[in-house]
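K.L.:
With chain P held as given, fit chains F, X and B onto it using these hints.
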Amino acid sequence: MIEILYFAWVRERIGLPREKVETSAGTVSELVAELSAREERYALAFSDLTALRVAVDQELTDFDAPLEGVREIAFFPPMTGG
Amino acid sequence: MIEILYFAWVRERIGLPREKVETSAGTVSELVAELSAREERYALAFSDLTALRVAVDQELTDFDAPLEGVREIAFFPPMTGG
Amino acid sequence: MEVRVQEAPFAAGAELDRFTARAEGAGAVVSFSGIVRDDSGQLTEMRIEHYPGMTEKALESIAGQAVERWALADALVIHRFGTMKPGEQIMMVATAARHRKHAFEAAEFLMDYLKSRAPFWKQERGPDGTEWVAAKQDDEDALTRW
Amino acid sequence: MEVRVQEAPFAAGAELDRFTARAEGAGAVVSFSGIVRDDSGQLTEMRIEHYPGMTEKALESIAGQAVERWALADALVIHRFGTMKPGEQIMMVATAARHRKHAFEAAEFLMDYLKSRAPFWKQERGPDGTEWVAAKQDDEDALTRW
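Chains as they are written, first to last, in the numbering used here: chain P, 1 to 82; chain F, 83 to 164; chain X, 165 to 310; chain B, 311 to 456.
Just chain P, same shape as in the assembly (with noise of 0.2 Å):
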């Protein structure tokens, strides 16, 4: 079991700040495609991963980052801080 938190848009595209997912997926890549594969809204939020950023286990990562382990997923816009 992964926890995927989802923040701004993109928690509003898929309509739900987290959940917990069963998957076999070996990379961030393949969980979101497992994912996309599965409903309409999250084919439509991660439809443009350019636009997208992702924190594994609260670490900035890239999308062919390894699932091994990992407890916690995060799929985010570009950050705007300061």
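Just so you know, these hints were derived from the structure itself, not from any lab.
Take the hints with a grain of salt, since some may be wrong.
[Said to hold, decoys possible] No farther apart than 27 Å at their CA atoms in a straight line, the calculated lysine-lysine pairs in the BS3-like style are these:
| hint | chain 1 | residue 1 | chain 2 | residue 2 |
| --- | --- | --- | --- | --- |
| 1 | F | 102 | B | 367 |
| 2 | X | 221 | P | 20 |
| 3 | X | 221 | B | 411 |
| 4 | X | 300 | B | 367 |
| 5 | B | 395 | X | 265 |
| 6 | B | 411 | X | 249 |
| 7 | X | 265 | B | 411 |
| 8 | B | 367 | X | 265 |
P.N.:
Leaving out everything else, chains F, X and B in the frame of chain P:
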């Protein structure tokens, strides 16, 4: 009559903060030469002009600045504000 | 080093005084405050969403890098989340160093990283509804300097 | 724009709050404070001499240039003269602009000019007497950037 002001170690070497001087010098350099010829303490204070700065009527300028119409001249070391 | 992520407003002046008082040996203190700006005259409020847990970790990492790289006497980061009106202060950073160049550079570094690498997202609300603020390419480009 | 040359101490935090409150439309406020540093552990006090009349004119000219060049919403310069102990604040500048880059640049410009072009001279007093602080070539070189 021109009023001459001295600051920091220039003031200390010359031994006074300001004085009024009657001069026919045409430039700052000529005034410096006139003062240096007058007394040893001036010659000492003005011995290395690269270590001095000059302001004419409260504006930084060069030693070849003309003195016509000038009311106030100040001599001091490089500034150390901030 | 102090990092705070909070919903409540903060008093920048009091924070600056406290920070300066404890920055022993520093000759230079630089602060930056970010304020909600209403360029269009149509902004009713700004809402900032963040990623609890990761936000604190990211800010501590950024501040730690700044302290080490510029040998700072101290660094402070305060960043709010939640809802704010135009004119309200969103965040501040402060840096204390022996010399001014290091204090300035470290504060700019903190700001550049906060803009694009700390998990905050701004949303503006106006008479026509809400809109997520888009990240600026300029802000991303600013990171190449470091 | 506000320029003050004074012997009395000032409260940097209160000055920053006041400055920020009146900087309408600014999204970014940067402040710099300079503090008497005692690197040798031998400094009993610092004395700052200045050129009354010219000092105010020079600071106003520098601040005016900064406001114009970076389209600042506002600028503040406070500089003390007289006698100060280690840890006391000597001076501060603050700048307010729409964007952070302009506020930072203008504050650095103000500091670089204050260091070498405003008529202040620092003298340090220690157990062995007093010494005039020498101007640094680094500070002169910093001006070439502008």
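K.L.:
Look at each hint and say if it fits the structure.
P.N.:
The hints, checked one at a time:
1. For a cut-off of 27 Å, the pair hint linking residue 102/F to residue 367/B stands: about 23 Å separates their Cα positions.
2. Using a Cα cut-off of 27 Å, the hinted pair residue 221/X and residue 20/P holds, with the two alpha carbons roughly 23 Å apart.
3. Taken as a hint, the residue 221/X and residue 411/B pair is honoured in the structure, with Cα atoms around 26 Å apart against an allowance of 27 Å.
4. Using a Cα cut-off of 27 Å, the hinted pair residue 300/X and residue 367/B is violated, with the two alpha carbons roughly 40 Å apart.
5. About 23 Å separates the Cα atoms of residue 395/B and residue 265/X, which keeps this hinted pair within 27 Å; it holds.
6. For the hint pairing residue 411/B with residue 249/X, the CA-to-CA distance comes to about 23 Å; that is within 27 Å, so the pair holds.
7. For the proposed pair residue 265/X and residue 411/B, the alpha carbon gap of about 15 Å is at most 27 Å, so the pair holds.
8. As the CA atoms of residue 367/B and residue 265/X are separated by approximately 26 Å, the hinted pair is consistent with the 27 Å bound.
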